[in-house]
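J.: Can you make the complete structure from the sequences, with help from the hints?
Going down the list, the sequences are from chains A and B.
The first sequence runs contiguously to residue 166 in the numbering used here.
The second sequence runs contiguously to residue 406 in the numbering used here.
Keep in mind the hints are simulated off the structure, nothing from the lab.
Since the structure is predicted, the reported quantities are computational estimates derived from the model, not experimental observations.
Take the hints with a grain of salt, since some may be wrong.
[Said to hold, decoys possible] Restraint ranges, calculated between C-beta atoms of paired labels, are given here:
| hint | chain 1 | residue 1 | chain 2 | residue 2 | range |
| --- | --- | --- | --- | --- | --- |
| 1 | B | F147 | A | P129 | 38 to 46 Å |
| 2 | A | K147 | B | E310 | 38 to 46 Å |
| 3 | B | T316 | A | S36 | 55 to 63 Å |
| 4 | B | E47 | A | E38 | 42 to 50 Å |
| 5 | B | S203 | A | L20 | 56 to 64 Å |
| 6 | A | S36 | B | R69 | 27 to 35 Å |
| 7 | A | R2 | B | E224 | 24 to 32 Å |
| 8 | B | R69 | A | T49 | 37 to 45 Å |
| 9 | A | Q7 | B | R197 | 47 to 55 Å |
Ideal Cβ positions, reconstructed from N, Cα and C, are used throughout, including at glycine.
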Amino acid sequence: MRSPEQQEIINAVLTAHKELILNSEELYDITSIELSKENLIPFVEDLKTNHGFGFLTDLTVVHYPDNSGRELCGSYLIHNWMKNVRLRLKVYISIEDNHLPSLTPLFRTSNWLEREAFDNFGIIYDNHPDLRRILNMDEMDYHPLLKQYALEDETRKDKDDTFFGR
Amino acid sequence: MSDVKKKENHHLVSEDTIDGEIATLNLGPTHPATHGVFQNVLKIDGEKILSAEPTIGYIHRAFEKLAERRPFNQITTITDRLNYCSSPINNIGWQLTVEKLAGIEVPKKVDYMRVIIMELARVADHLVCNSVIGVDTGALTGFTYMFQERERIYDLFEEVCGARLTTNIGRIGGFERDFSPKFYKKLDEFLEGFPARFAEFDSLLTRNRIFMDRVIGAGPITPEDAIDYGFTGPNLRAAGVDYDVRVMNPYCSYEDFEFDVPIGKDGDTYDRYMVRMEEIRESLRIIHQAIDKMPEGLHHADVPDFFLPEKEDVYTSMEALIYHFKIVMGETKIPEGEVYFAVEGGNGELGYHLISDGGRTPYRLHFRRPCFIYYQAYPEMIKGSLISDAILTLSSLNVIAGELDA
Numbered sequence: 001m002r003s004p005e006q007q008e009i010i011n012a013v014l015t016a017h018k019e020l021i022l023n024s025e026e027l028y029d030i031t032s033i034e035l036s037k038e039n040l041i042p043f044v045e046d047l048k049t050n051h052g053f054g055f056l057t058d059l060t061v062v063h064y065p066d067n068s069g070r071e072l073c074g075s076y077l078i079h080n081w082m083k084n085v086r087l088r089l090k091v092y093i094s095i096e097d098n099h100l101p102s103l104t105p106l107f108r109t110s111n112w113l114e115r116e117a118f119d120n121f122g123i124i125y126d127n128h129p130d131l132r133r134i135l136n137m138d139e140m141d142y143h144p145l146l147k148q149y150a151l152e153d154e155t156r157k158d159k160d161d162t163f164f165g166r
Numbered sequence: 001m002s003d004v005k006k007k008e009n010h011h012l013v014s015e016d017t018i019d020g021e022i023a024t025l026n027l028g029p030t031h032p033a034t035h036g037v038f039q040n041v042l043k044i045d046g047e048k049i050l051s052a053e054p055t056i057g058y059i060h061r062a063f064e065k066l067a068e069r070r071p072f073n074q075i076t077t078i079t080d081r082l083n084y085c086s087s088p089i090n091n092i093g094w095q096l097t098v099e100k101l102a103g104i105e106v107p108k109k110v111d112y113m114r115v116i117i118m119e120l121a122r123v124a125d126h127l128v129c130n131s132v133i134g135v136d137t138g139a140l141t142g143f144t145y146m147f148q149e150r151e152r153i154y155d156l157f158e159e160v161c162g163a164r165l166t167t168n169i170g171r172i173g174g175f176e177r178d179f180s181p182k183f184y185k186k187l188d189e190f191l192e193g194f195p196a197r198f199a200e201f202d203s204l205l206t207r208n209r210i211f212m213d214r215v216i217g218a219g220p221i222t223p224e225d226a227i228d229y230g231f232t233g234p235n236l237r238a239a240g241v242d243y244d245v246r247v248m249n250p251y252c253s254y255e256d257f258e259f260d261v262p263i264g265k266d267g268d269t270y271d272r273y274m275v276r277m278e279e280i281r282e283s284l285r286i287i288h289q290a291i292d293k294m295p296e297g298l299h300h301a302d303v304p305d306f307f308l309p310e311k312e313d314v315y316t317s318m319e320a321l322i323y324h325f326k327i328v329m330g331e332t333k334i335p336e337g338e339v340y341f342a343v344e345g346g347n348g349e350l351g352y353h354l355i356s357d358g359g360r361t362p363y364r365l366h367f368r369r370p371c372f373i374y375y376q377a378y379p380e381m382i383k384g385s386l387i388s389d390a391i392l393t394l395s396s397l398n399v400i401a402g403e404l405d406a
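T.: Right, here's the structure in full:
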């Protein structure tokens, strides 16, 4: 599935930054690398300048409420268009200290993506030029994609979902 | 005021601006020229735009939250409402994501059927975009002609799935039924008649002096900026970067077909228009090849866990009834895992980042929506241009409100 050339790039990234990488795994066809948040910016900067990963495809956050101390996972997908290699970077942070460095100096794409992540998960992106809510209204006082907020109003009594467990 | 004048990129702002004459204009959220719910607060000097502040989220429907409560097959209906100009691409993209997660191999025939549907959707999407560029330059005729063609494509969708706009086409594992002879007949009629009518539209606009004067140079973007802003799809290709998901990461047997990736040079409205025009022709080429090479076989994969059994079997066989119940109630087994899958949507790389914990619903689903990502470049693209060019830029970027706000 992956050509030797592509594997070479991934190996180069993995060996060049052995000391920064906390963990790495294969998620189907994408290699996922776990980093600490202090190392994120230098790592991405190096990927961009030295390894050809010049395109930030996607940025999102996942909430794992049971993962104590590592509740929020900032997830980045970057792409090397020359050799067609994707890499996923993950940074786990605790929900009490929900700060992540902003990638906007490196990729302007991340501006709105980080605003969306802030809107939905309340992560504060340090050094972000304009961290405001983007999809939800400004008056909202919670971050709706966190798992503690149920989709439907739990106080409702008129819906009986006993049988199908919804 | 003086600091505005000094700024770079403002070469179009005249030096003789009178102090205190800067006005604020609310473009949208509901305005007939914006083709959707977009709000931009413009600072204008006469008709020249000094800055724009977009506000989005007017039709935010929390799809990512909704998806965490829906079984996998029910999420297809959510994806319809992302880019509603080319719903089938979204539907099939989602089905491919689930198939990748569950490791489902579909027969070659399903791939080819999907390619036909997706390319028809791309034609419909680009037709809307390009004819709307015509409308915004004052040429309404092409729009009315091309909407007839879109109707014909919608008739084809209707023949396959019964719906027109929000199609919910296909199933995880294939299609609910094979294409009917009537579908092929209609498709042949469309492919026969469309090129001539499309050429007529082409002759109305493409080399039209008034149109060219109006769109050339409107809302340009450099390839470096486009990549930095995360552009994908026709808008990126118009800037001269030949990134196409269909070529780089082929899915659905796209590697079997011969087609070119048209690119532009300046990334302005005319280039975006031309790239879409050429892509329509390439899509037709792909459809022809898919029809000619259509393999024999079944229209779905053999996955009883995901694909609804025949109705007749449900009434007569116990096993089919159980599978039917399990699928409808969303109790099918799905592996744990994390996948990212991208298709070339009407506007660019439409990605699905799916995390499954093995439960009946996704643990987390994130849509990589091309519109949302490239719309953030809009204020910069229209800085220093006229309001009428800003409208043109918006329609040539083909920003679809449903995809923007999810």
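J.: Run every hint past the structure and note whether it holds.
T.: Consistency of the hints with the structure:
no. : hint                         : result
1   : B:F147 to A:P129: 38 to 46 Å : 41 Å, holds
2   : A:K147 to B:E310: 38 to 46 Å : 39 Å, holds
3   : B:T316 to A:S36: 55 to 63 Å  : 60 Å, holds
4   : B:E47 to A:E38: 42 to 50 Å   : 49 Å, holds
5   : B:S203 to A:L20: 56 to 64 Å  : 59 Å, holds
6   : A:S36 to B:R69: 27 to 35 Å   : 33 Å, holds
7   : A:R2 to B:E224: 24 to 32 Å   : 28 Å, holds
8   : B:R69 to A:T49: 37 to 45 Å   : 42 Å, holds
9   : A:Q7 to B:R197: 47 to 55 Å   : 49 Å, holds
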